[in-house]
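Residue numbers (my numbering): 1 to 251.
Treat the hints as calculated values from the structure; they're not laboratory data.
One or more hints might be untrue.
With a straight-line Cα cutoff of 16 Å, these simulated EDC-like cross-link-like pairs (lysine to aspartate or glutamate) come out [said to hold, decoys possible]:
| id | residue 1 | residue 2 |
| --- | --- | --- |
| 1 | Lys25 | Glu189 |
| 2 | Lys40 | Glu18 |
| 3 | Lys240 | Glu81 |
| 4 | Lys115 | Asp64 |
| 5 | Lys127 | Glu189 |
| 6 | Lys237 | Asp144 |
| 7 | Lys54 | Glu79 |
| 8 | Lys54 | Asp64 |
| 9 | Lys127 | Asp183 |
| 10 | Lys237 | Asp91 |
| 11 | Lys222 | Asp166 |
| 12 | Lys95 | Asp43 |
| 13 | Lys67 | Glu81 |
| 14 | Lys2 | Asp183 |
| 15 | Lys115 | Glu157 |
| 16 | Lys21 | Asp64 |
| 17 | Lys95 | Asp42 |
| 18 | Lys40 | Glu81 |
| 19 | Lys127 | Asp87 |
| 20 | Lys54 | Asp69 |
| 21 | Lys54 | Glu81 |
| 22 | Lys222 | Asp244 |
| 23 | Lys21 | Glu224 |
| 24 | Lys25 | Glu50 |
| 25 | Lys2 | Asp144 |
| 26 | Lys115 | Asp144 |
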Amino acid sequence: MKFSANLGFLWHDRPLPEAIKLAHKAGYSAVECHWPYQFKADDVSHALHETGLKMLGLNTSRGDISKGDNGLSAIPGREVEARAAIDQAIDYGLKINALNIHVMAGFASGEAAQKTFIENLRYAADKAAPHNITVLIEPLNHYDAPNYFLQTSTQAEIIIQLVARDNVKLMFDCYHLQIMEGDICRRLERLLPIIGHIQIASVPGRNEPNTGELNYAYIFSKLEALGYSAPIGAEYKPEKGYVDSRWLMDF
């Protein structure tokens with residue numbers, strides 16, 4: 001299997017260009033990040049070019065984190081902010097040749113929130129399509145992100161159908177979905193046509209993927225049988241507080 005280092009968690013204490021180089025040195029095939037906006041896109045692009053790594057994706061801004069925001073795109077009344085965040089992510093993504101933009105929904109619920117999310121996703125998809133950028137949506141579990149609008153793959157599947165844009169896909173995070181729904185292998189098989197990216201971490205600790213209750217060796221064998229060959233995002237929190245990538249050798 002090929003793996004992508006999620007630099008939102010791995011080497012997060014280093015400047016992003018340096019973290020990219022560390023990921024390359026550790027043996028990763030690609031990288032991804034959360035919110036890279038504090039770093040100059042030219043510096044990030046240079047590090048990617050130097051290492052030959054591809055930036056798989058980045059997130060839209062969470063909003064005002066001092067007020068508890070964790071995304072904006074499903075919050076009625078904040079459409080202007082949400083679309084500004086989408087514009088920012090796509091513009092930055094273009095400068096570093098990112099493949100995907102994760103549009104964060106935020107804390108909301110109900111029909112109005114769903115309608116708002118769908119409209120903002122259509123906006124994002126239509127703006128991203130000419131640049132061959134995929135828009136991702138990701139269910140988050142209710143322990144780490146209580147009251148987050150998008151919580152299950154079933155809900156995401158419905159929204160993707162309603163958005164009706166070919167470049168809107170599911171970010172299938174095994175950690176979140178094992179907590180919320182389980183049955184990971186059957187879900188991967190059924191949802192593969194709408195999956196844009198897969199992420200992994202141990203459950204329940206969100207640590208190195210070779211620990212915890214999920215048997216990733218088995219899951220990877222199923223993915224290989226399904227013909228999935230894209231890099232899988234290692235979005236985990238190092239248990240010892242520092243990155244030790246020797247777990248890659250287990251797979």
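Now for the hints, and whether the structure bears them out:
no., hint, result
1, Lys25 <-> Glu189, "violated (33 Å)"
2, Lys40 <-> Glu18, "holds (13 Å)"
3, Lys240 <-> Glu81, "violated (38 Å)"
4, Lys115 <-> Asp64, "violated (22 Å)"
5, Lys127 <-> Glu189, "violated (30 Å)"
6, Lys237 <-> Asp144, "holds (13 Å)"
7, Lys54 <-> Glu79, "violated (31 Å)"
8, Lys54 <-> Asp64, "violated (29 Å)"
9, Lys127 <-> Asp183, "violated (34 Å)"
10, Lys237 <-> Asp91, "violated (28 Å)"
11, Lys222 <-> Asp166, "violated (25 Å)"
12, Lys95 <-> Asp43, "holds (10 Å)"
13, Lys67 <-> Glu81, "holds (14 Å)"
14, Lys2 <-> Asp183, "violated (23 Å)"
15, Lys115 <-> Glu157, "holds (15 Å)"
16, Lys21 <-> Asp64, "violated (30 Å)"
17, Lys95 <-> Asp42, "holds (7 Å)"
18, Lys40 <-> Glu81, "violated (22 Å)"
19, Lys127 <-> Asp87, "holds (8 Å)"
20, Lys54 <-> Asp69, "violated (29 Å)"
21, Lys54 <-> Glu81, "violated (29 Å)"
22, Lys222 <-> Asp244, "violated (26 Å)"
23, Lys21 <-> Glu224, "violated (28 Å)"
24, Lys25 <-> Glu50, "holds (12 Å)"
25, Lys2 <-> Asp144, "violated (27 Å)"
26, Lys115 <-> Asp144, "violated (24 Å)"
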